[in-house]
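K.L.:
For the record, the sequence lines run as chains V, A, R and B.
Note that this note's numbering gives residue 144 to position 144 of the first sequence, counting from 1, and the numbers run on in steps of one.
Note that this note's numbering gives residue 143 to position 143 of the second sequence, counting from 1, and the numbers run on in steps of one.
Note that this note's numbering gives residue 258 to position 258 of the third sequence, counting from 1, and the numbers run on in steps of one.
Note that this note's numbering gives residue 112 to position 112 of the fourth sequence, counting from 1, and the numbers run on in steps of one.
None of the hints are false.
Identical chains share a label here; the pair holds if one copy fits it or two copies do between them.
Subject to a maximum C-alpha distance of 27 Å in a straight line, what follows is the list of computed DSS-like cross-link-like pairs (lysine-lysine):
1. Lys63 with Lys34
2. Lys63 with Lys210
3. Lys255 with Lys119
4. Lys63 with Lys218
5. Lys119 with Lys249
6. Lys255 with Lys240
7. Lys22 with Lys210
8. Lys255 with Lys126
9. Lys126 with Lys249
10. Lys126 with Lys240
11. Lys73 with Lys210
Hints were generated in silico from the structure; no laboratory data involved.
4 protein chains.
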Amino acid sequence: MTIRVVVWGENVHEQENETVRKIYPEGMHTTIAKGLGEDPMIEASTATLQEAEHGLSVERLAKTDVLIWWGHKAHGQVSDEIVERVANRVWEGMGLIVLHSGHFSKIFKRLMGTPCSLKWREAGEKERVWVINRNHQIAQGLSDYFEIEQTEMYGEPFTVPEPMETVFVTWYEGGEVFRSGLTYQRGGGKIFYFSPGHETYPIYYNTDVKQVLKNAVKWANNPAPAWAGITNAPNTPADKAPNGPLTIKGETLHKAGEAGFR
Amino acid sequence: MTIRVVVWGENVHEQENETVRKIYPEGMHTTIAKGLGEDPMIEASTATLQEAEHGLSVERLAKTDVLIWWGHKAHGQVSDEIVERVANRVWEGMGLIVLHSGHFSKIFKRLMGTPCSLKWREAGEKERVWVINRNHQIAQGLSDYFEIEQTEMYGEPFTVPEPMETVFVTWYEGGEVFRSGLTYQRGGGKIFYFSPGHETYPIYYNTDVKQVLKNAVKWANNPAPAWAGITNAPNTPADKAPNGPLTIKGETLHKAGEAGFR
Amino acid sequence: MTIRVVVWGENVHEQENETVRKIYPEGMHTTIAKGLGEDPMIEASTATLQEAEHGLSVERLAKTDVLIWWGHKAHGQVSDEIVERVANRVWEGMGLIVLHSGHFSKIFKRLMGTPCSLKWREAGEKERVWVINRNHQIAQGLSDYFEIEQTEMYGEPFTVPEPMETVFVTWYEGGEVFRSGLTYQRGGGKIFYFSPGHETYPIYYNTDVKQVLKNAVKWANNPAPAWAGITNAPNTPADKAPNGPLTIKGETLHKAGEAGFR
Amino acid sequence: MTIRVVVWGENVHEQENETVRKIYPEGMHTTIAKGLGEDPMIEASTATLQEAEHGLSVERLAKTDVLIWWGHKAHGQVSDEIVERVANRVWEGMGLIVLHSGHFSKIFKRLMGTPCSLKWREAGEKERVWVINRNHQIAQGLSDYFEIEQTEMYGEPFTVPEPMETVFVTWYEGGEVFRSGLTYQRGGGKIFYFSPGHETYPIYYNTDVKQVLKNAVKWANNPAPAWAGITNAPNTPADKAPNGPLTIKGETLHKAGEAGFR
Chain V
1 MTIRVVVWGE NVHEQENETV RKIYPEGMHT TIAKGLGEDP MIEASTATLQ
51 EAEHGLSVER LAKTDVLIWW GHKAHGQVSD EIVERVANRV WEGMGLIVLH
101 SGHFSKIFKR LMGTPCSLKW REAGEKERVW VINRNHQIAQ GLSDYFEIEQ
151 TEMYGEPFTV PEPMETVFVT WYEGGEVFRS GLTYQRGGGK IFYFSPGHET
201 YPIYYNTDVK QVLKNAVKWA NNPAPAWAGI TNAPNTPADK APNGPLTIKG
251 ETLHKAGEAG FR
Chain A
1 MTIRVVVWGE NVHEQENETV RKIYPEGMHT TIAKGLGEDP MIEASTATLQ
51 EAEHGLSVER LAKTDVLIWW GHKAHGQVSD EIVERVANRV WEGMGLIVLH
101 SGHFSKIFKR LMGTPCSLKW REAGEKERVW VINRNHQIAQ GLSDYFEIEQ
151 TEMYGEPFTV PEPMETVFVT WYEGGEVFRS GLTYQRGGGK IFYFSPGHET
201 YPIYYNTDVK QVLKNAVKWA NNPAPAWAGI TNAPNTPADK APNGPLTIKG
251 ETLHKAGEAG FR
Chain R
1 MTIRVVVWGE NVHEQENETV RKIYPEGMHT TIAKGLGEDP MIEASTATLQ
51 EAEHGLSVER LAKTDVLIWW GHKAHGQVSD EIVERVANRV WEGMGLIVLH
101 SGHFSKIFKR LMGTPCSLKW REAGEKERVW VINRNHQIAQ GLSDYFEIEQ
151 TEMYGEPFTV PEPMETVFVT WYEGGEVFRS GLTYQRGGGK IFYFSPGHET
201 YPIYYNTDVK QVLKNAVKWA NNPAPAWAGI TNAPNTPADK APNGPLTIKG
251 ETLHKAGEAG FR
Chain B
1 MTIRVVVWGE NVHEQENETV RKIYPEGMHT TIAKGLGEDP MIEASTATLQ
51 EAEHGLSVER LAKTDVLIWW GHKAHGQVSD EIVERVANRV WEGMGLIVLH
101 SGHFSKIFKR LMGTPCSLKW REAGEKERVW VINRNHQIAQ GLSDYFEIEQ
151 TEMYGEPFTV PEPMETVFVT WYEGGEVFRS GLTYQRGGGK IFYFSPGHET
201 YPIYYNTDVK QVLKNAVKWA NNPAPAWAGI TNAPNTPADK APNGPLTIKG
251 ETLHKAGEAG FR
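Bound conformation, chain V alone:
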């Protein structure tokens, strides 16, 4: 069964900036989606900020297995309601891959609970991405490392929670390092952050980067049914306790059948 991926693109610099438009005439989201589409297991479509509901309607998200997020200049224009909707889908089990400047997207900060800040520099310097666990699904088909000739530097400290797995660590020409591939589990959903991808360089055409994204989609995909109601706190009343009816002792705050506070 194919994995249904939506590549979300902010789609602003491609419209406003000549350099970016030249590299990504169809938009970064389209280029990323085309790269993924090379894999017969993946069916990739796109969504953008400018569409109604940013292209992320309830119905569409319900049919999305993995969402890829690229944003930069317009993080603030993303609707809080949509961010909450996406967070809910991740908790239900949808995979999420956050790219590059998406470190400061509302959705990534929402799911990490930390500032997600970092150091940066635009100097077109070289980046060498080292593979930490070559047997990780996300690292399949890579060598010990791969290089990106021109990149934006993203440097430590990267203020995210300690990850489930550190998949990649990057070396920069200018002297910094970065944990460039990190995995997280949040609720039923898997999250992968991957730092390469500055829009003034043709990074999403890079064969290794495309390989990482294909791998990451397969890793993040969770075929389990959506975890409906994961945000609810259900009451298990005394007469339905696993050990059979309990005699209520002491005082209670809620009457039988009352909902909990939120």
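Starting from the known structure of chain V, fit chains A, R and B onto it as the hints suggest.
P.N.:
Just chains A, R and B now, kept in the frame of chain V:
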């Protein structure tokens, strides 16, 4: 040097509910603070929802080493601005101890990035809290387990991120289990979630519970200077790269000295 | 492609103890393998302590995707050489599922680096296994919990490293709790510890237990090529540095081409 | 109360190699111990391979709060019995700091359960150690990074378990990266691995390196009583169950009072 603790209490049920008022005539926050004050290393004061800025002014938080959070019925009345302020102080290094129904507080959900949902039942059943790592600072002075005669059941799944350390796991009379003591690191701050504490039982007078809170305060306290600016993403320009001035290659998005996007 | 599983059984109690023989007349390993074989994706064979090289020759392990380990009385009779061989295969990428009393097996202790001790009691009491993340691959097809009517109690503290994921936590009739399903990544290999399985009860015929094992096999299976040489520390000489030939500065310990110390 | 530290040194290269002897005429262990001794809270002594029981008698270890390990050429000469003794003390709560080539020491491999392999190069290149969490106790007093002018390169993949915390990541002149400061909890003991320290360079005289070691000693120190018997698996018989006497159901393997298998 003493550790400056603020015990934040919602202070609603103590006013509205006869049962709770009888148990905690001065408010739960005051009882918790008095328990902490038994330790000469700890200097505990209180703050409540009803005070201006909920008692959590910028100045006060700046002088707070560890914040303890108890809320239940009025999570929604806590100002988003104060929540963000507290989150920032945690990232800067302030310790945070979240108690019981605080699992659904805005601040805990904000820092976890997950639903923080769980199962619950008010039946006054027994809880047995098992110690996983008896050498952990939070478990000092405890036996293999301690018991709370009457408690509210909080059952798994508890939808939080996998913790840094699982310190306690609880057994319930009715048949559920709960990871009742969990640690997290978020930015420069340490977070401890501890589940016992329902307001209709005198749990914060329990000797073992008081011991856990004293221990947790010491564990969460971080004497390092506040991590100022942790939410910023500073630019390291090409001429200030650690390896010395870099020649800029390729195109850039920002002009020299321009701030990054957020 | 089918997943090639070897179920390793100590095969001692089945021979010596009438109770165990009645429940598992063909040996526990055979029962476990038959349960796995219900899944068309899994091809399960068995190996026992009594066979040459305990049935775990280099050739056979090289063709094993996931190894399941059940041992109890005869941990000490397992050859250290075979233990090291299995550890190497796990590091290379083979999955390992350790069952019940295998907590004290040489291979599990070898891979955890901790005592792996726990509390225990044989009273035939009930165990209720709670699912922490219902969307985890290992939990597919289960309800909120499943029960084992008669079990050996395994209680905390379970002295293992904090896991990658806590998949299950168990409640016992007698009052203890146990982290009964834990995942680890060690080198290229995934490890799952699952505590149910005492030999005097028919636990491996239990539908939920069989489901967990099928799921765990799929989770632990890593189709990546074996990480050959993972135990080596390769030299990258100065003239082969990623950044091109380096001029050697200062003194060195090794002459060019010399192997490192071990 | 002072923290009692033993700095264990292999003390081989200092005797055999002219370069090393010139840098560390009293032995590396002595230099490290003197650096620690600058802190009034630390009382540091030394032990070496050549002493009886390698200087690590049961009595001495019992009075050691934190052990620091430096070994390289003679890992194989360390007695397995002493390794097991040290591992037991770590599980009981003794802190352990493993330095540089100690990545391949018996004790580190024993506690990690992984190959602990890495890439290496002796070229005297520069290392820049980046601080990931500046509020971590181990990073107190450091800047964003510190540099070591001449170092041995240790490169990824470093085949250790995912750490509790990634404290430092290193950049190398030659193009590699390394997770150079990692923390672990094993049983009751805290472990810190720190990679700088090649013996042909005066690294343990470096102010920042000395600061890290002082900090790490304080972090690893656990004033809790030793976790005696952590390797035992105690039986809790049916009549001593926390919930009161249990009626034994079904069959048992052990007679009442019998010890478990190991």
